[in-house]
Amino acid sequence: MAKISTLSASTIMLTSMFGAGVLSFPESFNNAGYLITTIFIIFVGYLTVMSLYAIAMSARYTKKKNTTYAEICNHAHKILGVFTDIFSLLNSIAFSMIYIIFISKWIYSVISSTFNTSKISKSIIALITLVLLFFPASQKNIKAMKFISLASILSFLFLILLILYYAFTIKPLKIPMNAVGRSVGSGLSPLLLAFGAHSNMVNIYNNLKKRTSLSLFKVALYSTVAASILFFSIGFIPYILFKSKCNTDILTLLNDSNTIPCKAILNTWDKNLILPKMAIVEFCFVLSSSFCLQINPGRQSFTNLIERLNIKKIKEHTTIVRYCITLLYCLSSFLIVYFDINVNFVISLVCAIPLTSICYVFPSIAYYFVAEKRNMVFKLIMFNGILGVGIMIFLLVDIFI
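When we follow UniProt numbering, the leftmost residue of the sequence shown carries the number 1, and every step to the right adds one.
These aren't lab readings, by the way, just hints derived from the structure by calculation. Nothing here was measured: the structure is a model prediction, and the numbers come from that model. There's no promise every hint is true.
As the list claims (entries may be wrong) - Using 16 Å as the maximum straight-line C-alpha spacing, the simulated EDC-like pairs for lysine to aspartate or glutamate come out as follows: (1) K122 to D340; (2) K63 to E307; (3) K78 to E307.
Let the hints inform the model, and build the full structure from the sequences given.
Written out as structure tokens, the structure is:
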């Protein structure tokens, strides 16, 4: 890859934040309230800028031309490296579950509304999807699927344009908006999930023309500010239109004929929900590809853990292990759909421990061990890690108490 400028790096970092968490933003505004969610966006945005900068500077202090997130943490401290591999594996499994939950949910809403039937279940859809994805997900070389980044950008661009179109063609519901919602904690998790693309910051560092501290800070700042504006728009505009009816992800709202937003669309020229179905097809493709891509870093984390344990018998059967790990991903994703586990619970749980650790706590710990200066920036990054721990405690309390 050719060396990239600060602006190009910021754009790449921005697109890496276009994940599944964004699709739950309208529901976040409904659950937490528009005021609290706006505060959350600013708060998580600040944490993201500081943690992205921390991990990039930690990469710089390793003095390696090319490195990875796991190598940075392992360089800082071996125990930190172990926890990084464990939590990266858990993140990977949880993300795969989230993708399959969304895919089965969307396809079910399209089939049930189009054919007016409920005979097919979400678990059957999930099973068929996983059977189709098992072989491509098992491949060691996934370079052929790297076009997923472009597909993701186009899908989110289409979604943003679709939301803007409905903003001008559908009358907002005449019910009040809540500044503070009834479930504040559930409004935070999708934001953490969306902003949590910190491993990509290391890839950007590896290919950046100027690796100065200022350039790294600009990449973190520009990408996060742009993401915050887009995320706010994707969440707030549907909330203005549909208020308390934003009780699920945006694509289900637009495609499920039982929802108020979908009924509003049916009253327009789009009687067959052509535009929402186009969005579903695009995102099913994107998340299916993301499912395959997500397994690879999980396998790498598993391999790193095995190498630490020095288990030679497993090392000798890498192909079998690769297929077994893929089967584990598929089985866990199927079971989560079969038992109808709420996607918001999965998102909250993964954000409470592994994701927040990887994205907001570990960068501060790594920076602590490798930083050459104990200045004000150092103190801010340490405080950032403390805030990350605070988020973990807040989410765990919200989930279980």
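Hint check:
1. K122 to D340: Roughly 9 Å between the alpha carbons, so the hint for K122 and D340 holds.
2. K63 to E307: violated (24 Å)
3. K78 to E307: Within the cut-off at roughly 13 Å; holds.
Hint check: a violation occurs at hint 2 only; the rest are consistent with the structure.
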